[in-house]
Amino acid sequence: MAFRTLMGLMVFFFVSIDTWAEEIQINPTHPDQYTVVKGDTLWDISGKFLNHPWQWPELWSNNSQIKNPYLIYPGDTIYFSIVNGKPQLNLTRNEQQIYPPAYSTCVLSEEEVKNGRTRFTVSENGKLMPCIRETVIKQAIELIPRESIAQFLTSPKVVRENEINNAPYVLDIAGEHLVAGEGDRLYVRSISQSDSPFYTVYRAGNTYTSPETGEILGYEAKYVADTTLQHTGDPATLLINRSNSEIRKGDRVMPKTEDEVTLNYFPRPPEKSITGSIISVLGGVSQIGLYDVVVLDKGTKDGILTGHELAIYHKGKSINDPFSPIKNDVIKLPDEIAGTLMVFRPFERVSYALVMKATQAIHILDKVQTP
3 MAFRTLMGLM VFFFVSIDTW AEEIQINPTH PDQYTVVKGD TLWDISGKFL NHPWQWPELW
63 SNNSQIKNPY LIYPGDTIYF SIVNGKPQLN LTRNEQQIYP PAYSTCVLSE EEVKNGRTRF
123 TVSENGKLMP CIRETVIKQA IELIPRESIA QFLTSPKVVR ENEINNAPYV LDIAGEHLVA
183 GEGDRLYVRS ISQSDSPFYT VYRAGNTYTS PETGEILGYE AKYVADTTLQ HTGDPATLLI
243 NRSNSEIRKG DRVMPKTEDE VTLNYFPRPP EKSITGSIIS VLGGVSQIGL YDVVVLDKGT
303 KDGILTGHEL AIYHKGKSIN DPFSPIKNDV IKLPDEIAGT LMVFRPFERV SYALVMKATQ
363 AIHILDKVQT P
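Each residue of the sequence shown is one higher than the one before, starting from 3 at the first, in this note's numbering.
Don't take every hint at face value.
Said to hold, decoys possible - Here are the simulated BS3-like cross-link-like pairs (lysine-lysine), alpha carbons at most 27 Å apart as the crow flies:
#1 319 x 359
#2 224 x 303
#3 369 x 334
Stated by the list, open to error - Here are the simulated distance ranges between beta carbons:
#4 152 x 323: 45 to 51 Å
#5 152 x 127: 51 to 57 Å
#6 29 x 165: 41 to 47 Å
#7 338 x 178: 57 to 63 Å
#8 217 x 318: 43 to 49 Å
#9 167 x 332: 23 to 29 Å
#10 339 x 149: 25 to 31 Å
#11 363 x 212: 22 to 28 Å
#12 335 x 167: 38 to 44 Å
#13 149 x 248: 21 to 27 Å
#14 29 x 257: 44 to 50 Å
For the record, the hints were derived by calculation from the structure and aren't laboratory data. As the structure is a computational prediction, the values presented were derived from the model and not from experiment. All C-beta atoms, glycine included, are put in the ideal place defined by N, C-alpha and C.
Turn these sequences into a full structure, and let the hints steer you where they fit.
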């Protein structure tokens, strides 16, 4: 399992203030200033100043000093203030200082490299001394902890029933091996011709169904291995390049997709009202918490897009009211806000989402909706 490109989590995605007319909601416990440290995420910092982190671009909109509010670096200090009755953030950069080593007193800045040298260092014997080129390398903090979703960006995936049932399958393992691993060969039925030499081995996983109607929304295809096609035919021969579990007879084989995965968004709520449910959790965890990946019963067909943020609600239970004059009176307790999630990989009928905030325990079948 590998993803081709994980592009800048902080990029030029400026959100128009007119997109959401809702007034900026400042976190009442916001600090007056905060210095960014390594390991911070832009989402976490946004939450220090805002009740709704997606309003981050709006909070910076009155500050012309900041051209891109998504490029924040460790060591930068953010200041909160009220200007003309409006909340505003200011920023001071922590410029990295570079000092020349003992054997040289000459360091060329990027400006000098670009515009030409104006300073020259000469040794005691009159020779021009070499200079060191100064290059400041700073990496902006991430929007979210990338490692939390990296393994789910390309695999597993969600497919239709006919996609996995009609795919070629592993017939046998070459060399009479009982278990296949890296470097082994597989016999697969059947690949008579191919436009790509690279194939991924999948295994049928969960069947995703709607909790409301019972309708099948899709089938999970779990990643097993990456392979290279050696010979077409019936059976075809594939060489295993990489695997994360043993390969079984009957596992399905599909052409490896080369789609570029681009995370070039800042979380924002859907433009229309969407209500759904958490129907599964990935990663082998039994309890859902911060930075866990969950499966929603809504997808692109329902208007879900990459970067959409949804509120999580724990469903209130129904209880008998023993004090009611009505016999067997059942009362539904209100749903309680339990956290926030962000969609990072939508499919047609379901989506993968990352839990960005958890204020209480989150469970399968908890409700999600537009904030």
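Hints, verified against the model:
1. The straight-line distance between the Cα atoms of residue 319 and residue 359 is roughly 22 Å, inside the 27 Å bound, and the hint therefore holds.
2. Annotation: proposed proximity of residue 224 to residue 303 holds, straight-line Cα distance about 23 Å (limit 27 Å).
3. Of the pairs offered as hints, the one joining residue 369 and residue 334 holds, with about 15 Å between alpha carbons and a cut-off of 27 Å not exceeded.
4. As the Cβ distance of residue 152 to residue 323 is approximately 49 Å, the hint placing it in 45 to 51 Å holds.
5. The hinted range of 51 to 57 Å is satisfied by residue 152 and residue 127, whose Cβ atoms lie roughly 55 Å apart.
6. Between residue 29 and residue 165 the C-beta distance comes to about 45 Å, which sits within the given range of 41 to 47 Å.
7. Evaluation of the 57 to 63 Å hint for residue 338 and residue 178 yields a pass: the beta carbon distance comes to about 58 Å.
8. Range check, residue 217 to residue 318: about 25 Å between beta-carbon atoms, so the 43 to 49 Å window is missed.
9. Distance hint check for residue 167 and residue 332: the Cβ-Cβ separation is about 43 Å, which falls outside the suggested range of 23 to 29 Å.
10. Under the hint 25 to 31 Å, the C-beta atoms of residue 339 and residue 149, about 27 Å apart, fit the expected range.
11. Checking the proposed 22 to 28 Å range against residue 363 and residue 212 shows it holds: the Cβ atoms sit about 24 Å from each other.
12. For residue 335 and residue 167, the Cβ-Cβ distance of about 43 Å falls inside the hinted range of 38 to 44 Å, so the restraint holds.
13. The hinted range of 21 to 27 Å is satisfied by residue 149 and residue 248, whose Cβ atoms lie roughly 25 Å apart.
14. Distance hint for residue 29 and residue 257: a CB-CB separation of about 47 Å, consistent with the stated range 44 to 50 Å.
In terms of the numbered hints stated before, the structure departs from hints 8 and 9, listed from lowest to highest.
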